[in-house]
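Here's the letter readout for the chains.
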Amino acid sequence: MSDKDKVWPTGLTEAESEEIHRHLIQGTQIFGMIAALAHLLAYLYSPWLK
Amino acid sequence: MIYGKIWCVVKPSVGIPIFLSAVAIASFSVHLAITTNTTWVKEFLNGKPKAAATAPAKADATTPAVRT
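Quick note, the sequences are listed as chains L and U, same order. Letter 4 of the first sequence, counting from 1, is numbered 4 in my numbering, and no numbers are missing. Take any residue in the second sequence, note its place counting from 1, add 50, and you have its number in my numbering.
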């Protein structure tokens with residue numbers, strides 16, 4: 001069994017761990033973009049920072 | 051990917067809810083602090099127009115006075 005196929009204490013292999021992490025990062029990026037858009041709209045259409 | 055192997059040692063069923071909760075609690079706290087420490091949010095949400103809420107700023111544009 002090579003090291004790449006090792007099952008770690010969480011029950012995941014390195015490849016599976018990196019796949020989960022990739023999705024988490026992508027979700028964070030999408031959330032960040034939506035939040036940035038929401039803040040832009042709030043800045044434009046509310047008295048915030050005026 | 052940097053830190054991609056974290057889920058080998060942290061169970062995703064524990065780590066992901068903690069991560070999402072941290073984001074939710076942090077953003078909620080910031081927004082709560084803004085609503086409780088300013089007056090314009092309440093006024094704006096109760097229908098006070100943006101122009102009226104920023105009327106002093108408009109006056110400043112024509113007469114350069116010191117803003118307090």
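Since the hints were derived computationally from the structure, they do not count as laboratory data. Worth double-checking, as some hints may not be accurate.
Unchecked claim - List time: in silico PhoX-like cross-link candidates among lysine-lysine, alpha-carbon distance up to 25 Å:
(1) L:Lys50 - U:Lys98
(2) U:Lys55 - L:Lys6
(3) L:Lys50 - U:Lys55
What the hints assert, rightly or not - Taking beta-carbon pairs under 10 Å as the criterion, some of the chain U residues facing chain L (in silico):
(4) Met51
(5) Ile66
(6) Phe78
(7) Lys100
To be verified - Listing some non-contacts, in silico: residues in chain L with all C-beta distances to chain U over 12 Å:
(8) Val7
(9) Met33
(10) Leu37
The C-beta atom is built at its ideal place from N, Cα and C for all residues, glycine as well.
Verification of the supplied hints:
1. L:Lys50 - U:Lys98: 14 Å, holds
2. U:Lys55 - L:Lys6: Status holds; Cα separation ~12 Å.
3. L:Lys50 - U:Lys55: 44 Å, violated
4. Met51: 6 Å, holds
5. Ile66: With Cβ-Cβ at 7 Å, under 10 Å, it holds.
6. Phe78: With a closest approach of 13 Å, the U:Phe78 hint is violated.
7. Lys100: 5 Å, holds
8. Val7: 9 Å, violated
9. Met33: 14 Å, holds
10. Leu37: The claim holds: L:Leu37 sits with its nearest Cβ about 15 Å from chain U, beyond 12 Å.
Comparing the model with each earlier hint shows violations of hints 3, 6, 8; every other hint is respected.
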